[in-house]
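Number of protein chains: 4
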Amino acid sequence: MESINFGIIGAGRIGKLHAENILNSVKGARLKVITDPFLDEDWASNLGITVFGKDHKIMLDDPEIDAILIGSPSSEHANQIIECARAGKHIFCEKPIALEPELIRSALDEVEKCGVKLQVGFNRRFDPNFAAIKQKVANGSLGVPQIIKVISRDPAPPPPKYISSSGGLFLDMTIHDFDMVRFLSGSEVEEVHAFGSVLIDPAIGEAGDIDSAVISIKFENGALGQIENSRKAVYGYDQRIEVFGSKGTAIAENNTPTSMVVLNEHGTVRDKPLYFFLERYKAAFVNEVQAFVDAIYSDKTPPVSGKDGLTPVLIALACKESLLTGKSIKVMYN
Amino acid sequence: MESINFGIIGAGRIGKLHAENILNSVKGARLKVITDPFLDEDWASNLGITVFGKDHKIMLDDPEIDAILIGSPSSEHANQIIECARAGKHIFCEKPIALEPELIRSALDEVEKCGVKLQVGFNRRFDPNFAAIKQKVANGSLGVPQIIKVISRDPAPPPPKYISSSGGLFLDMTIHDFDMVRFLSGSEVEEVHAFGSVLIDPAIGEAGDIDSAVISIKFENGALGQIENSRKAVYGYDQRIEVFGSKGTAIAENNTPTSMVVLNEHGTVRDKPLYFFLERYKAAFVNEVQAFVDAIYSDKTPPVSGKDGLTPVLIALACKESLLTGKSIKVMYN
Amino acid sequence: MESINFGIIGAGRIGKLHAENILNSVKGARLKVITDPFLDEDWASNLGITVFGKDHKIMLDDPEIDAILIGSPSSEHANQIIECARAGKHIFCEKPIALEPELIRSALDEVEKCGVKLQVGFNRRFDPNFAAIKQKVANGSLGVPQIIKVISRDPAPPPPKYISSSGGLFLDMTIHDFDMVRFLSGSEVEEVHAFGSVLIDPAIGEAGDIDSAVISIKFENGALGQIENSRKAVYGYDQRIEVFGSKGTAIAENNTPTSMVVLNEHGTVRDKPLYFFLERYKAAFVNEVQAFVDAIYSDKTPPVSGKDGLTPVLIALACKESLLTGKSIKVMYN
Amino acid sequence: MESINFGIIGAGRIGKLHAENILNSVKGARLKVITDPFLDEDWASNLGITVFGKDHKIMLDDPEIDAILIGSPSSEHANQIIECARAGKHIFCEKPIALEPELIRSALDEVEKCGVKLQVGFNRRFDPNFAAIKQKVANGSLGVPQIIKVISRDPAPPPPKYISSSGGLFLDMTIHDFDMVRFLSGSEVEEVHAFGSVLIDPAIGEAGDIDSAVISIKFENGALGQIENSRKAVYGYDQRIEVFGSKGTAIAENNTPTSMVVLNEHGTVRDKPLYFFLERYKAAFVNEVQAFVDAIYSDKTPPVSGKDGLTPVLIALACKESLLTGKSIKVMYN
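Protein chains in written order, with the working numbering: chain C, 1 to 334; chain P, 1 to 334; chain V, 1 to 334; chain E, 1 to 334.
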């Protein structure tokens with residue numbers, strides 16, 4: 001196999017990003033076809049993409065397509081995974097697979113039955129900062145991980161209309177953080193507790209959601225965790241993690257556009273963090289697809305599995321229940 | 001009044017520290033007498049302290065004593081407050097006043113009845129870093145505080161024997177953090193949740209306590225909080241706080257002995273944090289007594305009141321109940 | 001003109017880098033042909049380059065070639081500039097144009113006569129950190145620049161054999177720093193003084209060169225400057241600049257692979273700087289060619305002119321004379 | 001000897017500072033007498049100093065005085081050293097001893113003849129940051145020191161009237177930096193070069209001085225150095241040093257009042273550096289007198305010797321000559 005030929009379903013913001021990455025930055029990959037019901041054909045032509053259309057079915061029957069990247073709306077992910085699996089295509093699917101565990105499980109069953117590879121788009125695992133911390137955990141430099149911490153704050157909340165179809169803060173935003181604590185701790189989440197508030201925008205509350213949350217975690221191995229979320233940090237995208245262990249602690253600070261420091265009458269001033277996820281996780285978006293391509297070449301299991309797609313949804317549902325009941329809730333894995 | 005004359009009850013580590021601070025660093029204060037059942041008389045003589053003894057009663061009857069600093073074992077605090085109040089002395093009492101709310105309330109009642117001033121030794125409010133954050137909150141620079149965060153990790157756990165009489169992690173260690181979140185948020189704690197684990201030393205578990213904890217807080221005004229504690233950080237005393245608000249976030253990082261940076265084959269290396277509370281809060285210990293002295297001179301209420309001594313104990317008790325029941329617990333203020 | 005068609009002369013390390021950048025990262029540019037007497041043809045084929053060869057003459061006659069990037073050995077630059085200019089091609093030439101001012105002047109004369117555009121490869125101007133400082137200077141945030149400082153230390157010295165044909169430290173290494181101080185100060189260098197030593201490798205001294213230097217600068221407008229060079233920093237590539245002005249100072253610190261901080265028994269440890277220029281100036285190498293392409297599209301003067309190629313050589317020659325004579329030397333501009 | 005009894009000559013800003021330090025912070029020292037022609041007697045009384053006056057002769061004859069701290073105007077230092085030495089008193093003298101080498105040599109000769117101890121007030125050696133770097137040099141962590149760098153910028157220039165009697169920038173301000181490079185390099189300065197400009201205030205130029213300077217140094221062992229001075233940094237007192245060696249580099253950054261970081265719409269903001277030398281070198285001023293006291297107790301040579309007082313003056317004079325002649329100047333040690 002000379003190069004992995006990709007089809008991409010969905011050419012919204014994230015589909016376009018993956019398309020450009022496959023064209024320019026991912027080694028051993030080619031982009032053959034992209035589909036979207038509302039495709040921006042000029043964009044596709046300018047990139048030199050030759051096959052495109054509205055219906056992703058054209059790539060299912062194309063024997064030259066090795067892998068399909070699903071970047072469509074979340075509500076279509078599970079069905080499209082099933083279609084792709086049945087067509088024998090390897091699958092890279094943006095998160096979440098679905099908001100309902102049963103839909104996810106059906107999709108994963110089909111993937112397993114068809115013997116194709118599936119990677120879920122938890123891109124942050126491939127961020128160089130977080131990957132460096134994971135490596136410190138994995139090589140024992142930090143000793144036994146005892147406390148895992150995540151701060152994740154967006155620069156601005158999504159529109160209230162988006163909120164109502166998002167599944168809520170835990171399924172839409174915190175889900176990345178649930179993946180991160182699993183990735184870093186090397187243990188499964190046993191029990192969670194969540195407090196939430198509407199502090200940013202009353203419209204979010206009226207849509208039945210919260211915009212600020214603090215979450216406590218107990219892992220199966222006794223380690224503890226804390227996640228904190230806000231939908232709006234005026235200074236930009238705040239993405240920090242820490243793993244505290246018996247031999248030390250490792251902290252990932254925010255990335256900034258430059259390393260410039262200015263001292264003037266107002267103080268010692270550095271840049272704000274990079275504005276949002278497209279800037280902050282630019283390398284991560286390339287790296288995750290590269291890892292998927294490498295897994296296909298080497299016939300290995302991709303580094304973010306179907307189970308990794310399911311589990312954060314289960315944790316999010318436990319947090320929702322905690323918020324309603326005021327109790328610590330054990331994650332229901334079965 | 002030319003100078004405030006102090007007596008100090010208790011000449012253990014903390015009593016000695018206060019004695020040296022009053023002698024060398026606090027303006028407008030004199031140390032006249034110190035007592036301790038096991039007094040190190042050489043230490044006292046070398047400092048030039050002329051009156052000392054085993055029984056603190058000698059200072060109660062001394063009309064030249066204006067104020068008494070109580071640095072005895074915690075179990076004696078409440079009774080000594082009552083004695084000092086009845087003798088008409090202003091009181092600076094180390095935390096906690098007592099582990100039982102009823103004892104604290106009795107002492108506070110007597111203080112009020114006798115019309116003396118009382119300040120409780122929550123020294124961290126006087127740390128320059130934390131005071132700077134408080135000022136940012138107070139002057140509105142951060143907008144509305146939304147999330148208050150505390151990391152507090154000790155460099156080494158106390159001996160298991162100490163643990164059993166300490167009241168447990170929440171009353172012994174987290175109590176400072178409960179004070180800090182109240183100080184910074186400007187709102188009272190409404191509800192708490194706690195997870196705890198024994199991750200450092202099994203002997204702590206056998207003594208009936210935990211050595212690691214994550215605590216979530218909901219404030220009366222809807223703001224949220226997170227506290228995290230560990231009894232052992234191998235790199236020293238880790239004391240960080242953050243107030244995230246609608247206009248920005250303010251973070252207090254750790255203090256270090258020097259500002260030196262070394263770049264070598266191993267990386268870019270700076271100092272570890274200052275080892276423990278005597279180093280980290282050196283200025284705070286001076287500043288808190290200075291503030292007490294200033295409050296006496298100006299006949300103002302001291303900046304850490306009796307209520308400030310009681311409330312963290314009530315929050316700690318709610319955390320203990322949360323740990324036992326697995327539920328969010330509302331703090332019982334009455 | 002749909003896209004600028006490039007030819008590249010020279011496929012050594014720097015030529016290959018530019019080729020890959022033009023193929024993957026520069027907008028509005030295509031790579032049509034690359035030549036090198038010792039061309040690695042597999043490398044070229046794998047990149048999908050269709051025309052290649054040993055002799056750059058093939059691109060001079062090709063009417064489809066708009067611009068030529070010269071990445072050959074320095075001794076060939078001046079002649080190749082003349083050839084390219086006569087062929088009517090725009091020219092991007094790696095630094096230095098030549099080590100002898102007369103050769104540079106001849107080449108620049110031909111460029112002017114032929115009316116083609118020329119940009120010299122002082123890539124560091126396009127580094128995001130340094131560009132941010134330049135912007136602070138340009139928009140007046142720093143007030144009047146008073147002192148310009150450059151630290152430039154390589155991770156390892158070149159082989160002694162390279163040294164002897166390099167023109168020496170000032171022409172080979174410091175030349176970038178001479179460009180940087182001109183770029184940042186907005187004033188020309190009037191006078192210089194240099195001290196040098198052989199502290200790293202005696203073989204460098206035996207080759208007639210120095211490996212460590214400190215240089216003082218007086219600018220025409222009275223501002224002052226300091227440059228410092230070492231051929232070997234064990235911790236990697238150290239590239240810092242500072243512009244101190246009447247309203248503040250701006251410092252560019254080193255870039256690192258990650259933002260991770262580890263606290264352990266040894267201290268507070270961050271990454272070393274990025275290892276060498278390929279990593280450190282990765283973005284700068286793309287940005288400079290993008291700026292050249294944009295200048296061609298918009299028919300503007302490229303941002304690093306022929307004069308910018310000549311002047312640092314004149315400054316380097318003054319430093320050489322200072323080293324020999326022990327005097328401050330005025331730069332000979334005519 | 002129970003305690004070293006001090007007399008202080010001069011109760012201006014620096015004399016008062018030393019008086020308060022001896023009273024409150026230096027171990028094993030007592031302040032018995034202070035004199036100043038314009039003594040602020042209220043200040044002295046409030047501190048509990050019992051013996052004071054206008055004429056320092058009262059302490060020369062007092063057999064209880066062990067040591068005299070000279071904090072008078074610089075022009076009186078040399079004579080007072082001679083008087084104190086003849087009276088058999090140990091001497092701590094503020095820098096500079098004098099502006100003329102011959103006066104310094106006379107004073108040092110008398111000190112040696114009388115067998116008393118002399119320490120010169122180069123306080124910065126006792127700054128914890130710089131002392132930590134010195135320790136890294138001394139223990140070999142940095143390998144062979146190759147380049148020594150000092151940035152020293154004042155927050156505001158002295159009044160022009162002061163300038164004219166100060167001896168000029170090199171003798172008044174850079175003299176501390178000359179001491180620092182000697183202290184850190186472990187080698188003597190062989191040759192210097194200086195450029196200077198008037199960039200801050202034309203009145204300084206009219207007074208015959210410069211307000212900005214860059215200095216290059218060649219040490220006897222081949223190591224190189226750079227010093228940079230400005231009389232005015234709008235952001236406060238900028239005091240940074242770096243020692244670059246064969247095994248790494250050590251940098252002392254500025255100290256700040258707090259460790260607080262604020263992220264808001266304007267950036268990531270920290271404190272400015274501490275404002276000026278009283279704040280920045282607060283600990284150093286205590287530590288240097290403590291070291292002097294310790295040297296007396298243990299009958300050791302004080303850590304900043306008479307030669308350490310003379311040599312920076314010789315270096316400053318070489319810089320003056322370089323500025324006039326445009327040449328590198330060898331320091332005249334004999």
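These are computed hints drawn from the structure, not numbers from a lab. As the structure is a computational prediction, the values presented were derived from the model and not from experiment. Among the hints, a few may not be true.
When chains are identical, the list treats them as one kind, so a pair holds in a single copy or across two.
In silico EDC-like cross-links for lysine to aspartate or glutamate, where the CA-CA straight-line distance does not exceed 20 Å [stated by the list, open to error]:
hint, residue 1, residue 2
1, K247, D154
2, K134, D42
3, K134, D271
4, K327, E190
5, K232, E265
6, K27, D66
7, K300, D154
8, K320, E191
9, K330, E206
Results of checking the hints against the structure:
| no. | hint | result |
| --- | --- | --- |
| 1 | K247 with D154 | between (32 Å within a copy, 14 Å between copies) |
| 2 | K134 with D42 | neither (41 Å within a copy, 37 Å between copies) |
| 3 | K134 with D271 | between (26 Å within a copy, 15 Å between copies) |
| 4 | K327 with E190 | both (14 Å within a copy, 15 Å between copies) |
| 5 | K232 with E265 | between (29 Å within a copy, 12 Å between copies) |
| 6 | K27 with D66 | within (15 Å within a copy, 29 Å between copies) |
| 7 | K300 with D154 | neither (34 Å within a copy, 40 Å between copies) |
| 8 | K320 with E191 | both (12 Å within a copy, 18 Å between copies) |
| 9 | K330 with E206 | neither (28 Å within a copy, 25 Å between copies) |
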